[in-house]
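Novice: Residues per chain are reported as follows:
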Amino acid sequence: MSIRVQTADFDIGQEIEALRQERTDIGAIVTFTGTVRDMAKGAPITSMSLEHYPGMTEKQLEEIMAQAHERWPLQGSTIIHRHGELRPGDNIVLVVTLSSHRQAAFEAAEFLMDFLKSKAPFWKKETPVEGEAHWVDAREGDKDALTRWDKG
Amino acid sequence: MKLLYFAWVREKIGKTQEEVTPPDAVTTISELITWLETRGPEYSEAFQAKSSINAAIDQTHVSHDTKLDQAREIAFFPPVTGG
Numbered sequence: 000m001s002i003r004v005q006t007a008d009f010d011i012g013q014e015i016e017a018l019r020q021e022r023t024d025i026g027a028i029v030t031f032t033g034t035v036r037d038m039a040k041g042a043p044i045t046s047m048s049l050e051h052y053p054g055m056t057e058k059q060l061e062e063i064m065a066q067a068h069e070r071w072p073l074q075g076s077t078i079i080h081r082h083g084e085l086r087p088g089d090n091i092v093l094v095v096t097l098s099s100h101r102q103a104a105f106e107a108a109e110f111l112m113d114f115l116k117s118k119a120p121f122w123k124k125e126t127p128v129e130g131e132a133h134w135v136d137a138r139e140g141d142k143d144a145l146t147r148w149d150k151g
Numbered sequence: 000m001k002l003l004y005f006a007w008v009r010e011k012i013g014k015t016q017e018e019v020t021p022p023d024a025v026t027t028i029s030e031l032i033t034w035l036e037t038r039g040p041e042y043s044e045a046f047q048a049k050s051s052i053n054a055a056i057d058q059t060h061v062s063h064d065t066k067l068d069q070a071r072e073i074a075f076f077p078p079v080t081g082g
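Protein chains in written order, with numbering that gives the first Met the number 0: chain A, 0 to 151; chain B, 0 to 82.
Just to be clear, a hint being listed does not mean it is correct.
Claimed, not checked - Mimicking DMTMM-like on lysine to aspartate or glutamate, the simulated pairs with C-alpha atoms at most 25 Å apart in a straight line are:
id, chain 1, residue 1, chain 2, residue 2
1, A, K40, B, E10
2, B, K11, A, D136
3, B, K11, A, E129
No lab work stands behind these hints, which were simulated from the structure alone. A quick note: this is a predicted structure, and the numbers were derived from the prediction, not measured.
If we strip away everything but chain B, and leave its shape as in the complex, we get (with noise of 0.2 Å):
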């Protein structure tokens, strides 16, 4: 799958996008984040403030605790800003 990261998730993580292939075992966008964050310190450090954190499935806003399924792209980034 295709993660985007936005602002200071961005900024944090040093990367605007890659191609991942987590285990099996990750369901949903709360254990998506939760292995993300054993793959470096740049991740845990842009992932600590988990209220923080906006996720995206597929262009859609979504909860923690949606499940992936056939997600081809998911976005984090901070709260919006907009206006």
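Isolated chain A (complex conformation) (with noise of 0.2 Å):
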């Protein structure tokens, strides 16, 4: 289990790499990657810039992935998630999951994504090319995500 939160970009090859090394009993890796798109409400942006809460992050991201290792039988995952200044195409965050087979990594991913959503303390601030520079709202559907994985 891995949790980095940093302003540097990262590597997927490698992140693979550095959670398989030698094993041969994997049978299933999952990544998903967010990137910065290039439009936010139909108009264009410039930049977008990342704030975090130092020590909160990084807790709430150990519980979350503590539950998914609960949850799925799961080989190996990491997160990685960015802060600071990016541009549209940059990188933001970064899931990996390994699992023997492929279902327990699917899930895990997106349940790993559905709470760093609604969990993890960041805040993305938009500069559009015209106008002055806003915090994203949240949005109602990413709370709305988590109820599917309340246990019956």
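Make one complex out of these two single chains by using the hints.
Specialist: Structural data, given as structure tokens:
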């Protein structure tokens, strides 16, 4: 399990290799990468800045990751989230999950992203080509996405 | 106790953090917000939309009716937008 919050970019191939190493018992590797879109509410943007709460961010991500490892038979996982100034096309977030079967790896990656989006203390501010920079509003759908993981 | 502010809450209050000693009658997050609002127009402006204010005690998300108890660090911020 690895969690990193950093300004630097990441290399997906390197992150997979770091988790996989010499293991041959892994059957499925899922990665999700979130990137900066060049448009917000129909208007082009020039940059996005990401603020976070150092300490709480890592704590929340560790809790979410521990929950994923409890629910699915994962053989490894990584979350990397960038902060600071980003430009359209830049990587924002990476989730990697390893398991012996694909269903667990897919589901755990989705679970990690759904919880990260609603629990990890990050805030995005977009600077449009025209007009003033504005804080991005939270989407109600992101909260709704959590309910599907409720245990019945 | 130490208070931390993030995103537009930080911008409206004009501080990233501060040490405060609220009166003994302030026992919950909600009461702390009400007390902070009396400290100046920048606070009442920042806390105007209460339903948009999220709080954390010692780096754990909490609701507004949560008791402060022995809280060392309390943070106020808008709904999160990472990922």
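Novice: Run the distance test for K40 of chain A versus E10 of chain B: straight-line Cα separation, threshold 25 Å.
Specialist: Cα-Cα ~23 Å, so holds.
Novice: Could you grab the alpha-carbon distance between K11 of chain B and D136 of chain A and see if it respects the 25 Å cut-off?
Specialist: Holds, because 16 Å separates the two Cα atoms, which is no more than 25 Å.
Novice: If you draw a straight line from the CA of K11 of chain B to the CA of E129 of chain A, is it 25 Å or shorter?
Specialist: At roughly 23 Å apart (the allowed maximum being 25 Å), E129 of chain A and K11 of chain B satisfy the hint.
Checked against the numbered hints given earlier, this structure breaks none of them.
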